[in-house]
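These two chains come separately, so use the hints to put the complex back together.
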Amino acid sequence: MEYNLEIINLTKNYQDFHLEQINIKLPKGKIIGLIGENGSGKTTTIKSILNLMAYDKGSIKIFGKDSRFLTKKEREEIGVVLDDSFFSPILNVNDINKLMKDFYSNWNEKLYYDTIKKFKIPCNKPLKEFSSGMKMKIKVLCAIAHEPKLLILDEPTNGLDPIFRYDIIELFNDFVSNGENSILMTTHITSDLEHLADEVIFIDEGNIILDVPKEKIDNEYGIIELLEDNFTKVDKQDYIKSLKYKNEYYILVNSKDEFQKKYPKLEIRKPTLEELMLMLVKGE
Amino acid sequence: MNTIKGLLLKDLYVFRNFKNNFIFSIIMFIALITMGSLRNDIFTIGSILFLIFFGMNSISSFSYDENADSDKYLLSLPITRKDIVLAKYLFVFLNSFISILVGILTSFIITILVRGAVQNLGDSLRICFLAFTSVSFLMCSNVPCIYKWGVEKGRMQSVIIPALLVFVLGLFASLLLFLFPQIYLNFDLAYIFKISPYICLVLNILFYVISYSISYKIFLKKSI
Chain U
190 MEYNLEIINL TKNYQDFHLE QINIKLPKGK IIGLIGENGS GKTTTIKSIL NLMAYDKGSI
250 KIFGKDSRFL TKKEREEIGV VLDDSFFSPI LNVNDINKLM KDFYSNWNEK LYYDTIKKFK
310 IPCNKPLKEF SSGMKMKIKV LCAIAHEPKL LILDEPTNGL DPIFRYDIIE LFNDFVSNGE
370 NSILMTTHIT SDLEHLADEV IFIDEGNIIL DVPKEKIDNE YGIIELLEDN FTKVDKQDYI
430 KSLKYKNEYY ILVNSKDEFQ KKYPKLEIRK PTLEELMLML VKGE
Chain B
18 MNTIKGLLLK DLYVFRNFKN NFIFSIIMFI ALITMGSLRN DIFTIGSILF LIFFGMNSIS
78 SFSYDENADS DKYLLSLPIT RKDIVLAKYL FVFLNSFISI LVGILTSFII TILVRGAVQN
138 LGDSLRICFL AFTSVSFLMC SNVPCIYKWG VEKGRMQSVI IPALLVFVLG LFASLLLFLF
198 PQIYLNFDLA YIFKISPYIC LVLNILFYVI SYSISYKIFL KKSI
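Taken in order, these protein sequences are the chains called U and B.
Take 190 as the starting number for the first sequence in this note's numbering and just add one per residue.
Take 18 as the starting number for the second sequence in this note's numbering and just add one per residue.
It is worth saying that the hints were derived from the structure and are not from the lab.
Wrong hints could be hidden among the right ones.
[Said to hold, decoys possible] In silico DMTMM-like cross-links for lysine to aspartate or glutamate, where the CA-CA straight-line distance does not exceed 20 Å:
| no. | chain 1 | residue 1 | chain 2 | residue 2 |
| --- | --- | --- | --- | --- |
| 1 | U | Lys309 | U | Glu263 |
| 2 | B | Lys238 | U | Asp400 |
| 3 | B | Lys89 | U | Asp291 |
| 4 | U | Lys287 | B | Asp100 |
| 5 | U | Lys261 | B | Asp100 |
| 6 | B | Lys22 | U | Asp356 |
| 7 | B | Lys89 | U | Asp356 |
| 8 | U | Lys324 | B | Glu83 |
| 9 | B | Lys89 | U | Glu344 |
| 10 | B | Lys239 | U | Asp356 |
| 11 | B | Lys99 | U | Glu263 |
| 12 | U | Lys262 | B | Asp100 |
With the rest of the complex left out, here is chain B (with noise of 0.2 Å):
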């Protein structure tokens, strides 16, 4: 456990070093949400918008490591190669999850001293959710690609990867409709919405769990 606490610890010092950018971003962000709420409800795109922007910057981890070679390094302490994409996948998790938590409570607070309450609050934390997820799917389908390619060489494959899965996936749901059109018929959209933080809680483990132990087996075959 103390293993993957310094770990942890080691990524987190990197992004000590961007401390006075977050700073800025956080408080440019802060401004522009309090103007929108000046004149519409942006609860959710407020929200959203620290997702993006602050939930995938762990893959600059991956960066400093490959520069320092710290793998390497890293591996010729007690720490085992299960250890470091244990570590990683927690972090990437970690700080997706805290941006969105962040950007909510912070969306959340703007807009109740705006404009005194949030509208479809349960509506809008559903829409959070799926754009976590997503970003989630976005995340799990670049750590193999990094792990197998190195972030400089894999950026192309990081891109790739992720449209052709959507492509995949939505061909797969094309021929689905077009071989038993009644499932459409049946599609209760309202309800699956209704549903969807079940779904995605589903999806946000089987993504994180199928990619991790893509990662390790990639990981457990290189040579470093």
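Just chain U, with the same shape it has in the complex (with noise of 0.2 Å):
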């Protein structure tokens, strides 16, 4: 198989924080999404990825090669967002235009353009003057207006409406159809990645605690809701996580069928990622 990403063992350390081991392979043609709570390590890891900060120990290859070693020419195959970076706010549509034309040998004008009219943006209002839903779609307008092979966004979808939510998830879905382009992602919006991503990855105080295709949560894992009396007929070691909330107990599964057969009355549900996420994080 093919990758766009590797990155293999990175490690980082901090005085009171670790990244520890992080692996992930971004094949062509898929989408990964990151989840974790804030401060979990999902920013470190894209910066190690952007070379914005250096780590201490393992690789990453874009491409195949060295990210470090990566030509202009081959950065220019990667489009980015980053959640709390960007142009001057000073700037307008058109100064962004002209920026990155300079900054891109293979900018996109009429992508761009007709992308901005389709979306209503105003080209001559400076960034400040938009709201943050507006800024950051013109955000994911840069970091695909130069056609990217490999995306590598850090909560894209913050501050935007669901029904540009819906059509930025389509945008993605479109871009990775080719089969050669990949999107490695980071959300706390966990319902974005629902229809979006095909593998999930869970990283929790620097590590990753979950790593398995979206498909294998669809049709594997499951959650149950029970009263206490049904709680404790449960054995432990059938269940991965129990949460209690409120009078109920919340248990989490990672074989819904064999489960099911040892408990056939007990109705499994599919987890949504929220649910997963904090089932990992919270169950006991």
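Right under this line is the structure:
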């Protein structure tokens, strides 16, 4: 299998935080969702990929080459959205187009302005007068208008209204549909990944605690809601985590068919990614 | 080359925001120089005023970058740390250079129109060049501080470090004169002043090369 991005044993030690042995392999044509709490290590991972900070151990390969030694031409094949960083808010859409034309030899001005028109973004207004959702639209557009092969997206749906979130999810699905392009995206809006991600990686306190294909979560993981009487009847070895919320117990299983065979009267439903995240972090 | 052009444009767009202030200030300066010229030849003062007022504005582009965390975004594009630092130094230099150039041209035209001629044009231009070198020294000692501590946190260091450098250089010169007093006796100030443009040229190159190297090393190691 060919990978657009490979992270092998990435380790970064801070005084009060350690990113431990992160391994991520992003094949061509796939989308990986990196989820986790604030401060779990998602941004450190993204920064390491983009060489914004040095890491202590491990290696990162983009298009099969050490990410630290990519040429400018190879870096033009990457599109990036960063949640907390962009051009000065004094700039407008036209200014950004002129700058990007200088930064990217393959900048597609037509695609840029066609999408600006589609998104109904005013061209002469400075960014500071836009809502956070509008700004995010421009950021996403800047990441795709040079037609990259790999998208690295840090919270790309932050601040977007549901309609545009839908549009952008469609746009990302189209992006990978050629089987060559890939996306690595972090998000705390896990619902966006429900219809988007091929693989979900859950990172907590610097460690990957879950790395599974989305299909497996849909087909094999399950959540069961129980009252205390029923909960005490379930063997601890038959579930991964349990969580008490108000008067109910929730248990998470990773082999729902086997569980169903053993407990045929209990109703199992598919967990949302948010529930999965909650169970894995807060559950016992 | 396109990357550097783009980075320079980015900083120039920030200046566009102060367009009205600039126009107002230029009109004010022209009025002041014209009124001053009616009594005395203020060609040199007028030129230096432009340099001081406009030549150090480039620091504000660092502020805008810092507020938008632009360096982080720029480094995620096909732009290297070297490009960013180089473009900043070019911007700082061009800003000071254009300021003194506009100052000299404006003051020259006004002085010619009001007084008919500029007195000691050669000497006046030498003084302008000395002033330009002083501003270069100030800017070149400020920029590494900004890369090290940021615009806000580095404010104090940006004042202390140039002052400290002047103090150390002064101390060194005093020590030299104390140890070798014959230097003072053979000191031909008029000759030094005559060749000052060449000395200034060398000093400007030195300031920019040394400052750029320091800033680049700082920025290279910096986690963004």
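Quick rundown of the hints versus the structure:
1. Distance restraint check for U:Lys309 and U:Glu263: the Cα-Cα separation of roughly 32 Å exceeds the 20 Å cut-off, and the hinted pair is therefore not satisfied.
2. Distance restraint check for B:Lys238 and U:Asp400: the Cα-Cα separation of roughly 33 Å exceeds the 20 Å cut-off, and the hinted pair is therefore not satisfied.
3. Proximity of B:Lys89 to U:Asp291 is assessed by CA-CA distance (about 18 Å); at most 20 Å being required, the pair is judged to hold.
4. Between the alpha carbons of U:Lys287 and B:Asp100 the distance comes to roughly 17 Å, so the proposed pair stays at or under 20 Å and holds.
5. With a C-alpha separation of about 11 Å, the suggested pairing of U:Lys261 with B:Asp100 holds against the 20 Å cut-off.
6. For a cut-off of 20 Å, the pair hint linking B:Lys22 to U:Asp356 is broken: about 34 Å separates their Cα positions.
7. Under the criterion of a C-alpha separation no larger than 20 Å, the hint pairing B:Lys89 with U:Asp356 is inconsistent with the structure, at around 27 Å.
8. Taking the CA atoms of U:Lys324 and B:Glu83, the gap is about 18 Å. The hint holds against a cut of 20 Å.
9. In summary, the hint linking B:Lys89 to U:Glu344 is supported, as the alpha carbons are separated by about 15 Å, within the 20 Å threshold.
10. Pair hint B:Lys239 plus U:Asp356 does not hold up; C-alpha atoms about 37 Å apart against a cutoff of 20 Å.
11. Note on B:Lys99 and U:Glu263: the hinted pairing holds, with a Cα-Cα distance of about 17 Å set against a maximum of 20 Å.
12. Among the hinted pairs, U:Lys262 with B:Asp100 is consistent with the structure: their alpha-carbon atoms are about 15 Å apart, no more than 20 Å.
Comparing the model with each numbered hint stated earlier shows that hints 1, 2, 6, 7, 10 do not hold.
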